[in-house]
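Now for the letters of each chain:
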Amino acid sequence: MAAVFFFIAGIGAIAGAIGVATVKNPFYAVLALVCHLLSLAALFLLLRAEFIAAAQVVVYAGAVMVLYVFVVAYVGSDTEPVRPAGGPGLRAASIVFAALLAVELFIAVLGSGLKGIDAKGAPYNPGFGTPGAIGELLLTRFLFPFEAASFLLLMAAVGAVVLARRRGGLSDPAHPDEEYVQPIAQSLPEGQFGTIAEGVGDTNPTASLQPAAITARAEADPDDEKGW
Amino acid sequence: MNIGWYLTVSALVFSIGAAGVLTRRSPLVILLCLELMLNAANLALIAFSRMWGNGDGQIFAIIVMVVAACEVCIGLGLVVAMFRRRLPIDVDEMRELHG
Numbered sequence: 001m002a003a004v005f006f007f008i009a010g011i012g013a014i015a016g017a018i019g020v021a022t023v024k025n026p027f028y029a030v031l032a033l034v035c036h037l038l039s040l041a042a043l044f045l046l047l048r049a050e051f052i053a054a055a056q057v058v059v060y061a062g063a064v065m066v067l068y069v070f071v072v073a074y075v076g077s078d079t080e081p082v083r084p085a086g087g088p089g090l091r092a093a094s095i096v097f098a099a100l101l102a103v104e105l106f107i108a109v110l111g112s113g114l115k116g117i118d119a120k121g122a123p124y125n126p127g128f129g130t131p132g133a134i135g136e137l138l139l140t141r142f143l144f145p146f147e148a149a150s151f152l153l154l155m156a157a158v159g160a161v162v163l164a165r166r167r168g169g170l171s172d173p174a175h176p177d178e179e180y181v182q183p184i185a186q187s188l189p190e191g192q193f194g195t196i197a198e199g200v201g202d203t204n205p206t207a208s209l210q211p212a213a214i215t216a217r218a219e220a221d222p223d224d225e226k227g228w
Numbered sequence: 001m002n003i004g005w006y007l008t009v010s011a012l013v014f015s016i017g018a019a020g021v022l023t024r025r026s027p028l029v030i031l032l033c034l035e036l037m038l039n040a041a042n043l044a045l046i047a048f049s050r051m052w053g054n055g056d057g058q059i060f061a062i063i064v065m066v067v068a069a070c071e072v073c074i075g076l077g078l079v080v081a082m083f084r085r086r087l088p089i090d091v092d093e094m095r096e097l098h099g
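Order-wise, the sequence lines are chains Y and G.
Each residue of the first sequence is one higher than the last, beginning at 1 in the numbering used here.
Each residue of the second sequence is one higher than the last, beginning at 1 in the numbering used here.
What the hints contain is simulated information worked out from the structure, not anything from laboratory work.
For every residue, glycine included, the Cβ atom is placed at its ideal position computed from N, Cα and C.
Hints are not guaranteed to be accurate.
Claimed, not checked - Residues on chain G that point at chain Y, a partial pick, calculated with CB under 10 Å: (1) 5; (2) 28; (3) 44; (4) 58; (5) 62; (6) 94; (7) 97.
Construct the complete structure from the given sequences, taking the supplied hints into account.
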């Protein structure tokens, strides 16, 4: 029974991988990767890694793929150029290189002489691969990698915000290619400072102290100048 | 199933991912193929973890997933930045650092 599930999941994983590498439209490539990841989660379940399988489905097939779909929808899915990379010669060389890499991996893994490779693995120990066992390992033996991973995630989040933020304010309609910073003073109504109180409709108590307001009042009422 | 079968699937998926990284030109698809390679490594790690009956390989697989999430985060940020600056979404056109 396990063999049936293994071949279904393994064929799904390899077919998904081929789909990712060959489909022209990036949106369909993302969907093929989702198929690949779900098949891989089934393989993880067959290897009794329950927590990793659940994390694979939730984190990878859920969160990361949603991020991909959003970016593909934002950038546009018809971005793959028609011309192959570097001409047909380089493409053939790449495929030959990948085939040689596969042969080398087969020799390295299956020819390694490990006795465990031809067996079904160690005898099953109850609790192996459950969230409890993984959490205990993460918080005892592997506490430092756990903290380092959390710090790495923080740095990646800050880096993504810095990379993808909008620079230079709004673009000038007259020169759309140049970066243009609209001065804040231009967008404010006369006599306002741009405070939060003005934003919610409150009056500015210091508006009468601005030079423009002072000169306007002096021109309107010259007699009042003595009072200043 | 013997552990060798899982390692065979892992090696095949890794090679397919490497071929995709070498032949595709859209940075989005290259990132997807990098995910394939990382996931192939994850499958090998978990197969070896099962072989030894030890949870260390699974912890390593979780760390690899974290690193993959960071890589996706930064890579997609770069793609969005390229799109914002109206640069072509094509790794062959990104040759300003060639020297």
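Check your understanding: Against chain Y, with CB atoms and a cut of 10 Å, does the hint on residue 28 of chain G hold up?
Key -> OK, holds: residue 28 of chain G within 10 Å of chain Y, min 5 Å.
Practice item. Would you check whether residue 44 of chain G satisfies its interface hint, that is, whether its CB is within less than 10 Å of any CB in chain Y? Key: holds (8 Å)
Point to revise | residue 94 of chain G as an interface hint toward chain Y, with CB separation required under 10 Å | key: violated (13 Å)
Practice item. Using Cβ atoms only, decide whether residue 97 of chain G comes closer than 10 Å to chain Y, and label the hint accordingly. Key: Constraint on residue 97 of chain G not satisfied, violated at 16 Å.
Point to revise | Status of the residue 58 of chain G interface restraint (C-beta, 10 Å, chain Y) | key: holds (5 Å)
Review point. With 10 Å as the cut and Cβ atoms as the points, is residue 5 of chain G at the interface with chain Y?
Key: Since chain Y brings a Cβ to about 6 Å from residue 5 of chain G, closer than 10 Å, the hint holds.
Review point. Should the hint that residue 62 of chain G touches chain Y count as held when the rule is a Cβ pair under 10 Å?
Key: Hint holds; residue 62 of chain G Cβ to chain Y Cβ min 7 Å, cut 10 Å.
Hint violations for this structure: numbers 6, 7, all remaining hints satisfied.
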